[in-house]
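Enquirer: One-letter residues, chain by chain:
Protein chains: 2
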Amino acid sequence: MKVNVSGNVVLAKYGKIYRGDIVENAYAEGAIGVLIYTDRKDYGGGGDAKWFPDDKWMPSSGVQVGSVYNGAGDPTTPGWPSSGLCERLSDDDAEKGGEVPLIPSLPISWADGDRILRSIDGQVANDDWQGGKDAPVYKVGPGPAILNLSYTGKQVITTIQNVIGIIEGVEEPDRYVILGNHRDAWTFGAVDPNSGTAALLEVAHRMWKLQEKGWKPRRTIIFCNWDAEEYGLIGSTEWVEENREMLASRAVAYMNVDIAVQGLGFYASATPQLDELLIKATKQVQDPDNSSQSIYQSWIRSSENPKIGRLGGGGSDYSAFVQHVGVPATDISYGEDYPVYHSMYDDFIWMKKFGDPKFHRHVAVTSIWGLVALQLADEEFLPFDYLSYANELQRSVEDLKIELSEKGIKLFPLFNSIKELRMAATKIANEIKVLQDRNVWASVSKNDHYKVRELNDRLMMAERAFTDREGLPGRTWYKHLIFAPSKHNDYGSKYFPGIDDAIEKAKSINTTDLWLAVQHEVWRVSRVIKHASLVLSGQLT
Amino acid sequence: MKVNVSGNVVLAKYGKIYRGDIVENAYAEGAIGVLIYTDRKDYGGGGDAKWFPDDKWMPSSGVQVGSVYNGAGDPTTPGWPSSGLCERLSDDDAEKGGEVPLIPSLPISWADGDRILRSIDGQVANDDWQGGKDAPVYKVGPGPAILNLSYTGKQVITTIQNVIGIIEGVEEPDRYVILGNHRDAWTFGAVDPNSGTAALLEVAHRMWKLQEKGWKPRRTIIFCNWDAEEYGLIGSTEWVEENREMLASRAVAYMNVDIAVQGLGFYASATPQLDELLIKATKQVQDPDNSSQSIYQSWIRSSENPKIGRLGGGGSDYSAFVQHVGVPATDISYGEDYPVYHSMYDDFIWMKKFGDPKFHRHVAVTSIWGLVALQLADEEFLPFDYLSYANELQRSVEDLKIELSEKGIKLFPLFNSIKELRMAATKIANEIKVLQDRNVWASVSKNDHYKVRELNDRLMMAERAFTDREGLPGRTWYKHLIFAPSKHNDYGSKYFPGIDDAIEKAKSINTTDLWLAVQHEVWRVSRVIKHASLVLSGQLT
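Residue numbers (my numbering), protein chains in the order written: chain F, 1479 to 2019; chain C, 1479 to 2019.
Please note that the accuracy of each hint is not assured.
Which copy? The list can't say, so a pair holds if one copy fits it or any two copies do.
[Claimed, not checked] Pairs of lysine-lysine residues, derived as DSSO-like cross-links and limited to a Cα-Cα distance of at most 27 Å, are as follows:
(1) 1494 with 1761
(2) 1761 with 1691
(3) 1897 with 1929
(4) 1632 with 1491
(5) 1831 with 1905
(6) 1983 with 1491
(7) 1574 with 1983
(8) 1831 with 1574
(9) 1929 with 1691
(10) 1574 with 1888
(11) 1929 with 1694
(12) 1491 with 1905
(13) 1972 with 1632
(14) 1761 with 1534
(15) 1983 with 1519
(16) 1885 with 1830
(17) 1983 with 1494
Calculated directly from the structure, the hints in this document are not laboratory data.
Given these sequences and hints, build the entire structure.
Expert: The following block contains the structure:
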């Protein structure tokens, strides 16, 4: 609506994009401060709904807090571990990085937002921007109200603590199956993250029981309990940065759980070669809300194919694993978008009354998490399906083709490389089958062990090949060219992040050079897919 | 001497730095063309020496030709393989990369250079710049002579052919021991590269004989015969770029021979963990010029320790392996600085009369090359010595300390990280010893195979950890932070290339920020050494 926010304090409502992007957008338009409030229409359950503790909705005094930092990891150590006596940027230099917010911002409640909103005049906002039935008419200002924003914060460097537990593999101790969850919470954090931490402890406990019975995993299992996730994925990012080279050559997969339970229904995201494994696990676990069916059966109720999200967002601790190093990963939970998110009402009472009264959903997430981990740790051949990856890429390129019709961008490099990936995926599946069939009849020879390892290494390293050492233009920490946040939404890109960014820029400024930049990003993505195909097929050119 | 070359044609003599850097320096000062001639004092054997075919020296009409391109690989495909239907920069964009020469240049003979020199007046050059006794007095101009420089060249894109031969390993086919040599020559190329190509074919022939007797290597051996090395390491660079991900996870070592024989005396360069293996091989091969001693004995005649060079230069096909991917490497030859280098006198007659009359030196290089390859391919534990690496790094930092005294640069991060590398090197050496001792008494179990592989992977991947994905400032293709060309001399940096570049810049402009940039590069190098220590010790933090 071309409202000039320059020199003003902006009142924004929570919505689809990450709050850090809200502040960044406001700053880019010249705002000097931002208040972000919770609009009841979006988070309050509608006009007549009751609120906590009578119902699950957030009270009008509730505030969703949260970081507005747009980077990953400690901003004073960009790209390297913030550990020991290390190099550290000055505050000034950290601010030049473009990821630290440069204007003050404050999250406020629905009640406070409503009050401010009533003092704003000017044009009436579009219908889709208006609030619920009790809300005032949304107008866009500026003013006439004058808002005095006083903000007092502390800027400190402090020590954080990741807790790492290891069950060493007996056959392949140098292959890592990693489970991770964060421990820090904004207030009580019964949902975020304690539901996940409970699940992590329970998986560890069950594996301890298995060990008591004599079980030892083939590969090493690592439990990571991250600190400072809420401040910008700091615990996991710094650990990944510190152990980058080891993880790049040894990590089989990373399985994240942030919030384990926030409501009803199973939700999963994964890098696509893990789709099938996840689906298989959901068939083995009983639906916590309907004991007559499996989680899988309730999961596909609404559609024929289970809907699996992707890990392009910056929303949790899988980010550094997937987007910086290229480790196959999963992220699972029960429920989505709980209304008391990041507020002081996220407590045990809320969980007990609304989130998971019988705590069966906790058990369900734990079971799936543990089953997936066990298979990754113990199966002779890694249960990775790259045909699923090729199909996912194909779908994205088909969408891209529609978006780019009549823009003169050639997509054949992508289609060709995906074809090669599909061939490689079929080739390795056949090779594995041959070896599996043979082993039924013959005793396993020494060379078979190396052959199994060779095949598994190809499966493991193919994901790494989707990363490019140069990274994304202007934000080189993001090395993965398939999955990453887009520049203007930390929650994830539409397609391939580099192509997505380039399209957005080309559309807004529309010069020949910018459309050529889109073509260049298309080539770059096709090249990493080609690399992945070579790795997967185990071939040199 | 502050001579203004702007708008002039520069007459330069061949000297210590790479000819491409000569042209770049002239261009940077505004010159419009460059002639580079061979000064007899430097390349002619002195005033009374005879020349080819009477003696080994270059005739006065001889011209050293060669590339003046300052990059590695096809300049139209920077960082990606120039293969098939690929993305390709326009000539304009390739020129913007800063590595393609932007003014014409021409190599000329001593006779022609002498003639031009006699027409130049102006200040008399410094004594150390003057020529031999028959040379005119060197003056620096400009003019008074006017030089008409006409240059007719063709700019074409053409197909090149690498030839790759493979002996598949029986136990670990997915570990690559790679031998490489280029095939293209400026004219006849008896020395450069045919002496090397002869050696490569002979190693292949000997290994064929071994195979006839039933030998099969434990690991895969790959023979690479590169094309277009003389145009900027194009064949090897493009192949490495195409197979980067496979090489990064599978290449044990790359052994280069460019010129195998150009005269007397054994010369070797290596990444330092291969020093001991090279030395051992020289003890097993007879000195081709004195049958009563080993090559090792003649090699150390002049000093107690054999002098092993490093692979920081851009001089031959090891560049992409070491500097782009971080593969341990060696480069060996007999003789150095032969006078008919890159001229039409580099022919069979020259080799037969002066280079290697009995061709025993060819045999010696072949023997060392083959012995090193066999040990890398067959030894159960990779014969890598990282204590040697730590010592080499320590020496470089000691030199750096002298250079930087009183500049306020803190070197403790480097000293600390080298200490960690030393500890890791000792740790892995002990682990290998324990396993070797045990295997004498017990039959080898399945898990031992994985343990051996785990130790070897640590040895192999530690070199990779010296690379940083961001690369060197301003020339990000160079990923290795220990060995790379320096910005102003393609033949190699003095110390760590990023630190070296930063020091050079800081010294010439001398601002606080530029000295802080030196400190930043010190931190970066210390971090890759730390990564290498973690990989070598096989530990997560």
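Enquirer: Now, for every hint given, state plainly whether the structure supports it.
Expert: Hint check results:
1. Taking identical chains as interchangeable, the C-alpha atoms of residue 1494 and residue 1761 are never at most 27 Å apart, the minima being 32 Å within one chain and 70 Å between chains.
2. In the homo-oligomer, the alpha carbons of residue 1761 and residue 1691 lie at most 27 Å apart inside one protomer (25 Å), although the nearest pairing across protomers, at 56 Å, exceeds that limit.
3. Proximity of residue 1897 to residue 1929 under the C-alpha cut-off of 27 Å is restricted to the intra-copy arrangement: shortest distance 26 Å within a copy versus 37 Å between copies.
4. Proximity of residue 1632 and residue 1491 under a CA criterion of 27 Å is satisfied intra-copy only: 25 Å inside one chain copy versus 63 Å between copies.
5. In this homomeric assembly, residue 1831 and residue 1905 never come within 27 Å of each other (Cα to Cα): the closest approach is 51 Å inside a single copy and 55 Å across copies.
6. In this assembly of identical chains, residue 1983 and residue 1491 lie within 27 Å of each other by CA distance solely inside one copy; the values are 25 Å within and 49 Å between copies.
7. With identical chains, the CA atoms of residue 1574 and residue 1983 are at most 27 Å apart both within one copy (22 Å) and between copies (23 Å).
8. Taking the closest pair of Cα atoms, residue 1831 and residue 1574 never come within 27 Å of each other, the shortest separation being 46 Å inside a single copy and 65 Å across copies.
9. Only between protomers do residue 1929 and residue 1691 lie at most 27 Å apart by alpha-carbon distance; the minimum there is 25 Å, versus 30 Å within a single protomer.
10. For a Cα distance limit of 27 Å, the shortest separation of residue 1574 from residue 1888 across copies, 24 Å, qualifies, whereas the shortest one inside one copy, 36 Å, does not.
11. Taking identical chains as interchangeable, the C-alpha atoms of residue 1929 and residue 1694 lie at most 27 Å apart whether they share a chain (22 Å) or sit on different chains (17 Å).
12. For the identical chains of this complex, residue 1491 and residue 1905 are neighbours neither inside a copy (51 Å) nor across copies (57 Å), given an alpha-carbon limit of 27 Å.
13. When the C-alpha separation of residue 1972 and residue 1632 is checked against a cutoff of 27 Å, the pair qualifies neither within a copy, at 36 Å, nor between copies, at 46 Å.
14. Taking the closest pair of Cα atoms, residue 1761 and residue 1534 never come within 27 Å of each other, the shortest separation being 30 Å inside a single copy and 80 Å across copies.
15. In this assembly of identical chains, residue 1983 and residue 1519 lie within 27 Å of each other by CA distance neither inside one copy nor across copies; the values are 32 Å within and 59 Å between.
16. In this assembly of identical chains, the alpha carbons of residue 1885 and residue 1830 never lie at most 27 Å apart, being 53 Å within a copy and 63 Å across copies at closest.
17. With identical chains, the CA atoms of residue 1983 and residue 1494 are at most 27 Å apart within one copy only, with a shortest distance of 20 Å there and 47 Å across copies.
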